[in-house]
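S.K.: Spelled out from the first residue to the last, the chains are:
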Amino acid sequence: MRLVIARCSVDYAGRLTAHLPTAVRLLLVKADGSVLVHSDGGSYKPLNWMSPPCRLEESDGEWRVVNKAGEELRITLDEVLHDSTHDLGIDPGLTKDGVEAHLQELLAEHVHTLGNGWRLVRREYPTPIGPVDLMCRDADGISVAVEVKRRGEIDGVEQLTRYLDLLNRDPLLAPVRGVFAAQVIKQQARVLAEDRGIRCVTLDYDALRGIDDPTARLF
Amino acid sequence: MTVKFRVERDTLADAVTWVARALPNRPPVPVLAGLLIEADDNGTLHLSGFDYEVSAKVEVNAEVSDPGTALVSGRLLAEICRSLPGKPVDVVTDGTKVALTCGASRFTLLTMPVDEYPTLPAMPENTGMVAGDVLTEAVGQVTVAASRDETLPILTGVRLEIEGDTLTLMATDRYRLAMRTLTWRPSSPGASSIALVRARTLAEVAKALGSADEVSLALSTGGATELIGFTANGRRTTSLLVDGDYPKVRALFPESLLTHAVVETQSLIEAVRRVALVAERNTPVRLTFTDGLITLEAGQGEDAQASEAVESSLVGDELSIAFNPQYLLDGLGALSLPFTRLSFTQATKPAVITGQASADAEDDDDTYRYLIMPVRLAG
Chain S
1 MRLVIARCSV DYAGRLTAHL PTAVRLLLVK ADGSVLVHSD GGSYKPLNWM SPPCRLEESD
61 GEWRVVNKAG EELRITLDEV LHDSTHDLGI DPGLTKDGVE AHLQELLAEH VHTLGNGWRL
121 VRREYPTPIG PVDLMCRDAD GISVAVEVKR RGEIDGVEQL TRYLDLLNRD PLLAPVRGVF
181 AAQVIKQQAR VLAEDRGIRC VTLDYDALRG IDDPTARLF
Chain F
1 MTVKFRVERD TLADAVTWVA RALPNRPPVP VLAGLLIEAD DNGTLHLSGF DYEVSAKVEV
61 NAEVSDPGTA LVSGRLLAEI CRSLPGKPVD VVTDGTKVAL TCGASRFTLL TMPVDEYPTL
121 PAMPENTGMV AGDVLTEAVG QVTVAASRDE TLPILTGVRL EIEGDTLTLM ATDRYRLAMR
181 TLTWRPSSPG ASSIALVRAR TLAEVAKALG SADEVSLALS TGGATELIGF TANGRRTTSL
241 LVDGDYPKVR ALFPESLLTH AVVETQSLIE AVRRVALVAE RNTPVRLTFT DGLITLEAGQ
301 GEDAQASEAV ESSLVGDELS IAFNPQYLLD GLGALSLPFT RLSFTQATKP AVITGQASAD
361 AEDDDDTYRY LIMPVRLAG
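Taken in sequence, the protein lines are chains S and F.
If you count by my numbering, then the first sequence holds residues 1 to 219, one letter each, in order.
If you count by my numbering, then the second sequence holds residues 1 to 379, one letter each, in order.
One chain only, chain S, in its complex shape (with noise of 0.2 angstroms):
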């Protein structure tokens, strides 16, 4: 990662023409090639940029960037301020807030909240296509797999579906039921759903979590 700092004009060639008059600015040089001109505000995005694969040409006061598409952003420094390099190493990735491990271990604890008499078999329950989220007995006794979700879409109902059609094939098991739940469930989804026969569940993270003031209800 090459960070400048420099007072610069820029000029881009391309599907649009732009031009940045003369200012101090941020250039970021990534690992993979980009090229990225920031100003100090805008938040997280670039004032102009240009995205690998792009080859980037330094010459006395002005730096050429180009791409295969043959567009170019070319940037004319005035004035170099700061100009430093940083091996950042390989970079682990965005990991979500983990909401949805909370929301599963939190399931786990309160399987009541699914039907009374609930119990919880395990968690991450192994299928030939991977671990379903919670396997539970419900009062009478039957298997209900659980699949877990923050947002409640489609492709969960797939999942789950994918799922059953396995969990159904054991005959130790079957019949198994299945529960989608989620903090929102989408309509599609929940149509979707209910026409396969899974029950759909919304759950109050805050409830589970048991933040929810009781004193400031009637019940």
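No lab work stands behind these hints, which were simulated from the structure alone.
The C-beta atom is built at its ideal place from N, Cα and C for all residues, glycine as well.
Do not rely on the hints blindly, as some may be mistaken.
[Stated by the list, open to error] Cut-off 20 angstroms, straight-line C-alpha distance, at most; resulting in silico cross-link-like pairs (SDA-like, lysine to any residue):
id, chain 1, residue 1, chain 2, residue 2
1, S, K186, F, T151
2, F, K248, S, A216
3, F, K4, F, M112
4, F, K207, F, D10
5, F, K349, S, D212
[As the list claims (entries may be wrong)] Partial chain S-side listing against chain F, Cβ under 8 angstroms, derived:
id, residue
6, D32
7, S39
8, D40
9, Q187
10, Q188
11, V191
12, L203
13, R217
14, L218
[To be verified] Restraint-style ranges between C-beta atoms, simulated for each label pair:
id, chain 1, residue 1, chain 2, residue 2, range
15, S, N116, F, Q326, 32 to 42 angstroms
16, S, I5, F, R148, 49 to 59 angstroms
17, F, G301, S, G33, 51 to 61 angstroms
18, S, V121, F, R148, 29 to 39 angstroms
19, S, H110, F, A306, 48 to 58 angstroms
Chain F: place on chain S using the hints.
M.R.: Relative to chain S, chain F alone:
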């Protein structure tokens, strides 16, 4: 087999619009997007729609030349009917198409297979009759308190309790509770049953059938399908009941109320609305009751603030209490009488809102009660 009939534009448009409202937005089976048209020998047109949960069926008069049945896209038909000129509408089926002619406009619609269409649930036996305007008022009064939160499906419903000639409707979202009792005509004097109906469905029913003098209510509980039906003005609608145990909410009303204030309903509503303008999300309006006056305040500290005083009479000790302004307005807005009685036990306990006919009336009207949980004030 062809179907052929002629019907007045307004009659058709009203009927189709009403039935189309019951059609699902995302039908799991394509035929459910259809509106079933049945023309019979007696010159009656039956239009119906169904989404497995709610069904709607309406009968209108038509000049039927060839009786029969056709299934067409309900949404499209509704849009067409709304836009037609005010002339008689001729409908003729031709193979897999339906031709609709009105004045100089002509539409051709595709039909869907009638034999794939599910049978609408049968209307349960009549349980009793209720006046249309009373039903509309009562439904409006209780549905304001029903929950919109799908995490608690039971609370998105309105509970109906039938005990002889008394019908009680109640709804709560755990922050407020609305309860209305009314007198109706049960078909058998010893009628006693309970039902939980989705508030949204009930509101739709009241809107569609409330203009009738009397609405027939039909309930079938305890069987394989628990169903409620409403009939009036040639329109009938059925809905599955919500299952689950409704919390015992009657006991939430305080047994004895120590303090009460009486205030003109409209001036209190207006004052709350004005003061609430500065109450940001989830902040309350504070009401201080002193003899002769209610002082309303909202906002504090660095934020915008507002205050207003409203004349009122007070029986009991002075008291300061705070409410969510919207919940308070919902309750006040549901009252049908010109004066409001606000009754309290303590500032931290639920308050009861009822209507009364005049400022100095001895008793309040207890057929409608709205219980509201106060917001605890910091410090």
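S.K.: Which of the listed hints are broken here?
M.R.: 6, 7, 8, 19
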